[in-house]
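Asks: Chain by chain, the residues run as shown.
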Amino acid sequence: MSLLQLDNLSVTFGQFKAVDNISYKVEEGEVLGIVGESGSGKSVSSLSIMGLIDFPGKIEADTLSFDGQNLLSMPEKQRRKLTGSEIAMIFQDPMTSLNPCFTVGYQIIEALKTHQGGSKKELTKRAIELLMQVGIPAPETRLAAYPHQLSGGMSQRVMIAIAIACNPRLLIADEPTTALDVTIQAQIIDLLIELQRKKKMGLVLITHDLALVAEVAHRVIVMYAGQIVESGPAAEVFSTPQHPYTQALLKSLPESSVGQSRLDALSGVVPGVYDRPMGCLLSPRCPYATDHCRSVEPSTQGTLERQVKCHTPLDYEGRPTA
Amino acid sequence: MFQFILRRLSLVIPTFFGITLLTFTLIHMIPGDPIEVMAGERGVSAERHAMLSAELGFDQPLYIQYFRYVGGVLQGDLGNSLVTRTPVLDEFLALFPATVELSICAALFAIFIGLPAGIIAAVKRGTIFDHSVMTVSLTGYSMPIFWWALLLMLIFSVNLGWTPVSGRIDVVYWIDNTTGFMLIDTWLSDEEGAFTSAVSHLILPSIVLGTIPMAVIARMTRSSMLEVLSEDYIRTARSKGIAPWRVIVIHALRNALIPVITVIGLQVGILLSGAILTETVFAWPGIGKWLIESIGRRDYPVVQGGILIVATIIIVVNLLVDIMYGVINPRIRHSH
Amino acid sequence: MSTKQMTVAEETMVAPVPRTPLQEFWHYFKSNKGAVAGLVFIVFICFLALFADFVAPHSPSVQARDALLLPPAWLDGGSWHYFLGTDDVGRDILSRLIHGARLSIAVGIVSVTFSLFLGILLGLTAGYCKGIIDTTIMRIIDIMLAMPSLLLAIAIVAILGPSIINAALAISIVSLPHYVRLTRAATMTEMSRDYVTSSRVIGASPLRLMFICILPNCLAPLIVQATLGFSTAILDMAALGFLGLGAQPPTPEWGSMLADALQFVQRAWWVVTFPGVMILITVLAFNLMGDGLRDALDPKLKQ
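Protein chains in written order, with our numbering: chain B, 1 to 322; chain G, 1 to 336; chain D, 1 to 303.
Don't read these hints as lab results, they were simulated from the structure. Among these hints, one or two may not hold up.
Said to hold, decoys possible - SDA-like, lysine to any residue: derived pairs with alpha carbons at most 25 Å apart:
#1 B:Lys113 with B:Glu76
#2 B:Lys77 with G:Ile120
#3 G:Lys124 with B:Pro56
#4 B:Lys198 with B:Gly135
#5 D:Lys33 with G:Thr127
#6 B:Lys25 with B:Ser85
What the hints assert, rightly or not - Some chain D residues close to chain G (C-beta under 10 Å, calculated; not the full set):
#7 Ala67
#8 Ile156
#9 Ile159
#10 Gly244
As the list claims (entries may be wrong) - Below, a sample of chain G positions facing chain B; criterion: calculated Cβ distance under 7 Å:
#11 Arg48
#12 Ser230
#13 Asp232
#14 Tyr233
#15 Thr236
#16 Lys240
#17 Gly241
#18 Ile242
#19 His251
#20 Arg254
#21 Asn255
As the structure is a prediction and not an experimental result, all values here were calculated from the model. Just so you know, even glycine gets a beta-carbon here, dropped at the ideal spot from N, CA and C.
Whenever a hint applies, use it, and build me the whole structure from the sequences.
Replies: Below you can see the structure in the form of structure tokens.
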């Protein structure tokens with residue numbers, strides 16, 4: 001049984017489909033990278049796993065289950081017992097994600113108290129341990145600090161401490177390093193991966209850093225305009241991409257353009273609310289698009305292990321199959 | 001924290017002297033000879049004029065007069081009423097508890113209705129409840145309170161006979177003036193029914209005086225709550241799996257209250273302004289009514305002293321609000 | 001195939017055509033029903049005020065000795081001749097209300113114009129010059145803010161003597177601080193922007209910088225404040241009138257109409273009710289419109 005399983009999950013806001021029929025699963029101890037441009041539905045899909053989509057957002061799915069339990073049908077209260085303890089999440093901007101009115105200690109202990117309880121002394125001891133685990137020096141004194149007294153990197157470490165407080169089995173990290181200095185980014189990722197290995201957590205790493213995903217993820221999902229265009233084992237997807245979009249993303253990396261004066265880039269932008277094309281959503285930007293692509297939406301081919309949403313998936317040489 | 005208070009205090013002192021300058025100028029802006037104006041239609045003899053002039057220091061140069069005035073003020077000497085001949089400060093102190101009692105009840109009414117209404121409206125944004133709160137509060141905010149007072153009096157006192165029309169207590173009771181606060185005094189006294197009578201006299205004036213602050217607080221709380229509820233840290237709190245009420249009461253409210261506290265503090269000015277009208281309509285023997293009557297009687301030392309005291313109270317309250325703001329907002333407390 | 005295309009086409013929404021700022025403003029403003037209602041009522045009141053002499057069925061000061069304290073037309077004893085009834089000396093309440101509208105709107109216009117003008121001048125000067133001038137102006141403003149506005153207005157009227165002109169003057173003085181603070185704050189934000197620096201580099205004179213460059217960019221919050229200023233002016237005017245410090249009898253002013261009617265409260269509810277309703281609705285209309293304006297101008301306010 002997979003730790004997390006999604007079948008045909010859609011999230012709609014009014015008429016706008018932010019997430020469009022996506023399916024994937026995460027196994028225990030697995031690192032899943034989700035990549036895609038801004039607005040491709042990466043964050044929204046993960047918020048829906050946490051149950052944090054508010055009205056008017058609407059979630060529909062054939063399956064949304066965690067460890068075999070159906071998240072959509074269970075009562076609100078039972079679901080809250082899972083969120084924050086079994087499933088935890090880290091957000092993009094650590095500086096605004098901590099409540100400015102409460103001390104770091106309070107915010108960590110709150111997570112512990114909600115799900116595990118215990119005396120004040122035990123909780124404080126646990127909180128200090130957690131701060132130590134996430135590499136914060138002098139944790140005893142840091143407990144009394146307010147968020148505005150911490151740097152961005154420190155705040156993100158505190159956020160990680162809150163997330164791992166109850167030993168979650170699934171951790172979702174939504175662009176955990178985007179808002180941080182480049183020098184701090186590597187440290188935070190190292191910390192996350194180290195914790196993931198130690199605690200054997202499933203880790204969903206949402207990012208637009210392809211190099212990072214290639215380095216740490218076991219499996220990867222590429223999203224475009226709310227849809228999964230390609231997924232599979234990281235090494236395979238990056239060595240032989242089957243979807244033109246993945247291919248284009250890889251081509252746009254500086255590493256693949258050595259010796260060229262300009263980087264390859266897809267022209268155009270992700271379609272928004274008003275300019276969703278007919279047929280394949282990538283068709284206006286795709287170098288291989290045919291009339292068929294422009295009128296009929298492709299279905300997802302392959303198994304959950306290796307799926308691609310294209311009429312003419314690319315072959316080993318990166319050319320479309322007829 | 002101590003430094004923070006000191007810094008605020010240093011800003012208040014020049015404002016206070018500015019206000020003394022203003023009240024001082026006020027008297028000297030009265031067109032014509034102040035003594036004759038004060039004497040009004042009665043007129044004064046030349047002798048008495050000279051005597052009064054010397055007594056009030058009008059024969060001195062202006063700046064000397066000002067320094068003497070400020071010197072007096074600092075020693076608590078605000079001059080004597082022209083009508084009753086008693087010191088202005090004594091008159092003020094005798095009437096002030098009545099106004100404080102009314103203002104506190106009005107403020108409590110405003111906070112206990114406005115705050116929850118604002119919070120619930122924000123949480124249930126877009127619902128009928130939200131729309132009703134917004135409509136009622138905008139109406140309350142636009143209310144001419146002297147008319148509102150008359151209307152309530154007409155309905156509840158005249159037609160329904162539920163509440164008394166005016167005053168602080170029924171004439172049948174004779175209450176010793178221990179604290180000046182009628183609720184406390186009647187509570188301490190043995191007179192049966194006196195406390196109930198005092199309470200029933202307070203209801204309508206409190207509602208009238210509290211209406212505008214209530215509307216302001218409800219609107220402010222709602223918008224502040226809405227802003228806070230969309231913050232990232234609310235999402236973090238929810239991602240911890242804590243109960244929704246806890247997210248609202250502990251995480252959102254604490255942050256949302258920071259601007260609301262300031263607004264509540266600013267209502268003190270509105271309350272004291274409103275007290276002038278409310279006290280006039282309900283014949284409430286407080287400083288608002290006293291000031292208006294003194295203006296009618298051209299009792300200028302009372303007007304001057306009254307304005308000075310009221311303005312001073314407002315600066316002091318604003319100072320307290322500032323300090324409280326520092327207590328609940330860690331970001332202010334720690335910035336040096 | 002063709003049906004499939006149809007459904008897909010339906011899902012694709014039409015992109016909005018870019019609008020001019022004015023159209024955009026109107027689009028947001030008209031979606032706010034309260035604000036539109038407020039605007040309609042204000043237009044109506046202004047119409048009444050302008051054509052009071054033609055609209056009002058009677059003269060506001062003619063006393064009908066045979067019709068004292070007549071109830072409104074739909075009650076027993078009421079007469080269609082005096083639709084809203086008459087007051088204690090037999091004057092038609094409806095006509096007095098209509099003429100009162102003229103007074104309220106006039107006082108609103110005078111006091112808002114005066115405080116807006118002076119407030120912009122002081123605020124721009126304070127924000128532009130900074131330093132000692134700024135400190136002096138802002139200290140004075142702080143002192144004025146420490147006074148409850150009604151109390152200060154009462155004090156001013158008490159000294160100048162009760163009359164409509166003095167009341168309007170007092171109201172404009174007490175509402176001055178808001179305009180000064182708003183203009184100053186907006187000026188200071190705009191001053192740090194590059195377009196101001198570039199005009200300065202080109203060699204624009206301080207006056208040009210202040211009035212041509214900076215001022216138009218601070219207008220949005222001032223427009224909102226001025227609308228809300230109308231409601232404050234009308235309320236304060238009525239309060240002063242009620243306290244006997246504003247319009248003097250027999251001038252038909254809403255607040256003083258209420259004060260005159262005080263002793264008849266128990267006998268004739270209509271003499272008290274209608275002037276109050278007029279004040280409430282007019283003030284509410286300005287507040288509704290002010291809120292609508294603020295929301296419609298919001299993108300600019302948020303900067």
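Asks: Each of the hints needs a verdict: does it hold here or not?
Replies: Evaluation of the provided hints:
1. Of the pairs offered as hints, the one joining B:Lys113 and B:Glu76 holds, with about 19 Å between alpha carbons and a cut-off of 25 Å not exceeded.
2. Using a Cα cut-off of 25 Å, the hinted pair B:Lys77 and G:Ile120 holds, with the two alpha carbons roughly 21 Å apart.
3. About 13 Å separates the Cα atoms of G:Lys124 and B:Pro56, which keeps this hinted pair within 25 Å; it holds.
4. The hinted pair formed by B:Lys198 and B:Gly135 meets the criterion: a straight-line CA distance of about 14 Å does not exceed 25 Å.
5. Between D:Lys33 and G:Thr127 the alpha-carbon distance is near 16 Å, which keeps this suggested pair within the 25 Å criterion.
6. Straight-line distance between C-alpha atoms of B:Lys25 and B:Ser85 comes to about 19 Å, which keeps the hinted pair within the 25 Å bound.
7. Proximity of D:Ala67 to chain G is violated relative to the hint, the smallest CB-CB distance being about 23 Å (cut-off 10 Å).
8. A cut of 10 Å between beta carbons decides the hint on D:Ile156: the least distance to chain G is about 8 Å, and the hint holds.
9. For D:Ile159, the shortest C-beta to C-beta distance to chain G is roughly 5 Å, which falls under 10 Å, so the interface hint holds.
10. Contact between D:Gly244 and chain G, as hinted, is supported at the beta carbon level, the nearest pair being about 8 Å apart and thus within 10 Å.
11. Here the hint on G:Arg48 is broken, as its CB sits about 65 Å from the closest CB of chain B, past 7 Å.
12. For G:Ser230, the suggested interface contact is broken, since its CB lies about 10 Å from the closest CB of chain B, more than 7 Å.
13. The criterion of a C-beta within 7 Å of any C-beta in chain B is met by G:Asp232, whose closest approach is roughly 4 Å, and the hint holds.
14. For G:Tyr233, the interface hint holds, the least distance from its beta-carbon to any beta-carbon of chain B being 4 Å, beneath 7 Å.
15. A least Cβ separation of about 5 Å between G:Thr236 and chain B falls short of the 7 Å threshold, and the interface hint therefore holds.
16. Interface hint status for G:Lys240: upheld, as the beta-carbon distance to the closest one in chain B is roughly 4 Å, under 7 Å.
17. Interface hint status for G:Gly241: upheld, as the beta-carbon distance to the closest one in chain B is roughly 3 Å, under 7 Å.
18. Nearest Cβ of chain B to the Cβ of G:Ile242: about 5 Å, under the 7 Å cut. The hint holds.
19. Restraint check, G:His251 versus chain B: the minimum CB separation of about 6 Å is within 7 Å; hint holds.
20. Given the 7 Å rule on beta carbons, the hint for G:Arg254 holds: about 5 Å separates it from the nearest Cβ of chain B.
21. Checking G:Asn255 against chain B by beta carbon gives a least distance of about 5 Å; that is within 7 Å, so the hint holds.
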